[in-house]
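If you're matching them up, the sequences are chains Y and V in order. Heads up, the first sequence is in this note's numbering, so the first residue is 1 and it goes up one at a time. Heads up, the second sequence is in this note's numbering, so the first residue is 1 and it goes up one at a time.
These are calculated hints, taken from the structure and not from any lab test. Computed from a predicted structure; not experimentally measured. Positions of the beta carbon are idealized from the N, C-alpha and C atoms, including for glycine. Treat the hints with caution; some may be incorrect.
Claimed, not checked - Just some of the chain V residues that point at chain Y, by a computed CB distance under 10 Å:
| no. | residue |
| --- | --- |
| 1 | ASP2 |
| 2 | TYR3 |
| 3 | PRO84 |
| 4 | LYS88 |
| 5 | LEU276 |
| 6 | LEU281 |
| 7 | ILE285 |
To be verified - Pulled from the structure, derived: some chain Y residues nowhere near chain V, Cβ distances all over 10 Å:
| no. | residue |
| --- | --- |
| 8 | GLU37 |
| 9 | ASP247 |
| 10 | HIS370 |
| 11 | GLN386 |
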Amino acid sequence: MELFKYTAHQLHQKLVSKEVSAVELTKNVFARVDAVEKDVKSYITQTRDSALAQAEAVDAKIKQGQAISILAGIPGALKDNICTKGTKTTCGSQILGEFIPPYNATVVEKLIAEDIVMIGKANMDEFAMGGSTENSGFFTTHNPWDLTTVPGGSSGGSAAAVAAGQAIWALGSDTGGSIRQPAAYCGLVGLKPTYGRVSRYGLVAYASSLDQIGPITRDVTDCAHVLNIICGHDAKDSTSINAIVPDYTKALVNNVKGLKIGIPREYFVSGIDPEVKRAINKAIEQLVALGAECQEISMPHTEYALSAYYMIAPAEASSNLARYDGVSFGKRVEGTDIIDMYKKTRSAYLGAEVKRRIMLGTYALSAGYHDAYYLKALKVRTLVRQDFDKAFENVDVIITPTAPTTAFKIGEKANDPLAMYLQDICTIPVNLAGVPAVSIPCGFAGGLPIGLQMIAKPLDEETLIRAAYTFEQNNDYHKGFATLGEVK
Amino acid sequence: MDYEIVIGLEVHTELKTHSKIFCGCSTKFGSEQNTNVCPVCLGLPGVLPVINQKVVEFAVRVGVALNCDILPFSKFDRKNYYYPDLPKNFQTSQYDLPIAVNGYLDIQVDGVVKRIGITRVHMEEDAGKLVHSGATISSSDSALVDYNRTGVPLLEIVSEPDMSSAEEARAYLEKIKAILEYLDVSDCKMEEGSLRCDANISLRPRGTKPLGTKAEIKNLNSFRSVQRGLEYEAVRQEEILEEGGRIIQETRTWDENKGISLSMRTKEQLNDYRFLPEPDLVPIIVDPAWVEEIRGGLPEMPDARKQRLMDDYGLSAYDSAMITVSKAMADYFDQSVQCHADAKTVANWLMGEVSKHLNNEGISILACPVSPKQLADLIALITKGTISNKIAKSVFEEMWSSRKDAEIIVKEKGLVQISDSSEIIAIVDAVIAANPQSVTDFNAGKEKAIGFLVGQTMKQSKGRANPDMVNSLLRERMQSK
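Could you build all of it, start to finish, from the sequences and the hints given here?
Next up, the structure:
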């Protein structure tokens, strides 16, 4: 039985009805991992022993007649920048190649409390810098829909694992689109919550003011369930928002009547693949047919968002990544003195893209350039945020493509960082504004999934869930399963 | 040429909160190496800081006590530089919006009161401690890092360049220390590094406005170092200027043993700290009502206490200043006086015998083996005439070493003063009989001779005879002869 093809909420029913056990389910997923991992390469670390122990504990609870939570016994994958106590957390980097955290991220504590089964730690672009997993310090992950294409990034391992049946659900992190873009490329639901909605404690920082953890799932219902678990205030994260977390499954309503949708014309100008554009437009027409109201809106500062992001994120990264110096943890190359040790260690174990961003950020913060670059970028960020504030005075949801194209070929943009950066052009403004957004499948082009992005106002994930659920229930894009072949 | 010295001080003080500034680790000094640590202060991947509210409260108290404006909106910033005692390779500090600005304090040197401006007070985290394998950095081939101190809360208090002598700098630092002690926010132990001082110093022709090129002097680890280091630097700069030379902007380190300072780095080598607003902390919004609450709850400060001692007990300005410069000393004074001892006598004893003994042993008054009540009781014995001043000094010695009460010592050693005239007359007569020459001399008008006879009488009485009575009885008995 191909249990690995089901959603978490379907499998939960199978567990509570005792149709299958958590151990059976876990073994089934690991059998799938064994069958496809050599082609997909989702995982940096697999945690078989602890996974089976977790599954056994859930089975014991079921046997004793105890109630189990919705994700109990359901195998999931965690992006390898989320700290797991006693389990290697590499952040996709050689410099943390042997790093075993002595503590759990807050989200991990929450998931453990729900008795989840962790299959492993998923591959990613090194320190979450990239959009294809080609920047992983270990290997490139392949897109299960076409193994010659990228799964997107930086949460590419998480998305590929879920798409290939190597996990039922996953957590990713999103700094400029790193949940939504791989979800789009792999035909999945990926949601970046409002900045501060999910604790960042234990998420290895890339750009602290933009990073946010979120779910990657097969459908909107699973997305709501994972959100219910991971959201909420955390005293260990000063930037986490102290607001009541609603039950997101209450927003799983198949109804968009009266929902006001805004279509920002600036997102539909150049560089968008015509097939992607067609799919998005079709989806909008369908939502209107279902009762939503649609209007064109303008977000005039969109074109500057990418440039601002590539000042702010590298600036924060240059500071966040300074700690990887070989002194007290991580790998070290000995040197003739401390400076030499720093240089040799960082030269040897940090990848090219990480070095590029550290240099960009260091430059942007340097005396004499700080105001012209970093400060200017912060001002642009404010303008971008104001675009969203203004838009949400009139609409409930903004719809755009998630990415300008479908998944591209491995190696196609590897030597063209600017082309790679442009893949994030629709997702980056969302991080700058700190608002929530979800990517859902809305069609295929040449056999590859297309992602539609819905953006809502801060803390209004419920509207995203409702709109996404309605679209999903009136289509069946989420029901397909990746072919694990090559699309000709 | 006649030069004016211009000095500004940067004082760092460790706050005595129980836990560190951004995590729950203990701040205890002297713990086993790397035991007061956690993922947060070790800067492990993924950790986040959370501000210790007590640190903000202490900072506001200091700001208010230094007559500063408390900024309603302040924030933390990252100061980026690589150093192995800094696990994140940035220090979380405050850059352009510190918690407190625009304050002042008054110092007094040679009876002249001078107001010194306080530019700012800001919060930051302390770094760890490097333990080098060799005797000096340059002779070491490795170093170990102790992270216990990493994340201990610090306040940096920056003065305006308002001081014009090493004495003023010292007085300023002593005043800062007194205020921090009175506020009960820091241990202020320079020897343990809980109070540190860097000085900026430059010279300019007297009467001119523009500031000269400054040097920053580090490693001033005691009040003595502050004064000596600045005196040295003023002379060094004056010599250069007198020879037509130019001062270069640099950081120098003071060598207390050699009594000289050495160049550490010049301006060209200065770090570019690439300040960045700390994205992991939210801005600090201070409620003005809370500031007023803190202002209302401030304890009596050194200047007010000094005035009270002058007004209530008639102590001199000098004595009052000496006693109130240390809160512990002033507390000792007040406690002693509350035990009904004469205030002026307590003041004399504190600045005399007590200070002498404390200095000899290099301990603080908090560790004084003689309690305020014990001192009061000793003074009461003098006032009552039970013992003389001289005997009291030896009783104090005994109290210091044995911790016994004065009365017990006096009893045990039979030190009660002899004020019974018949007992004294017996000794006096014996002394007169044994020293006929001195008696003759005295009767011949040699007033000095009585001194010798008094001495002999005191000796015979083992110091216990009442000296005034000895004097008058000697005169009486010799005239009657």
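Verification of the hints:
1. ASP2: violated (37 Å)
2. TYR3: violated (32 Å)
3. PRO84: holds (5 Å)
4. LYS88: holds (5 Å)
5. LEU276: Holds. Min distance 5 Å.
6. LEU281: holds (5 Å)
7. ILE285: With Cβ-Cβ at 13 Å, over 10 Å, it is violated.
8. GLU37: Label holds. Min Cβ-Cβ 26 Å, cutoff 10 Å.
9. ASP247: holds (27 Å)
10. HIS370: Per Cβ check, HIS370 of chain Y is inside 10 Å of chain V; nearest 7 Å; violated.
11. GLN386: holds (19 Å)
Of the numbered hints listed earlier, those contradicted by the structure are 1, 2, 7 and 10.
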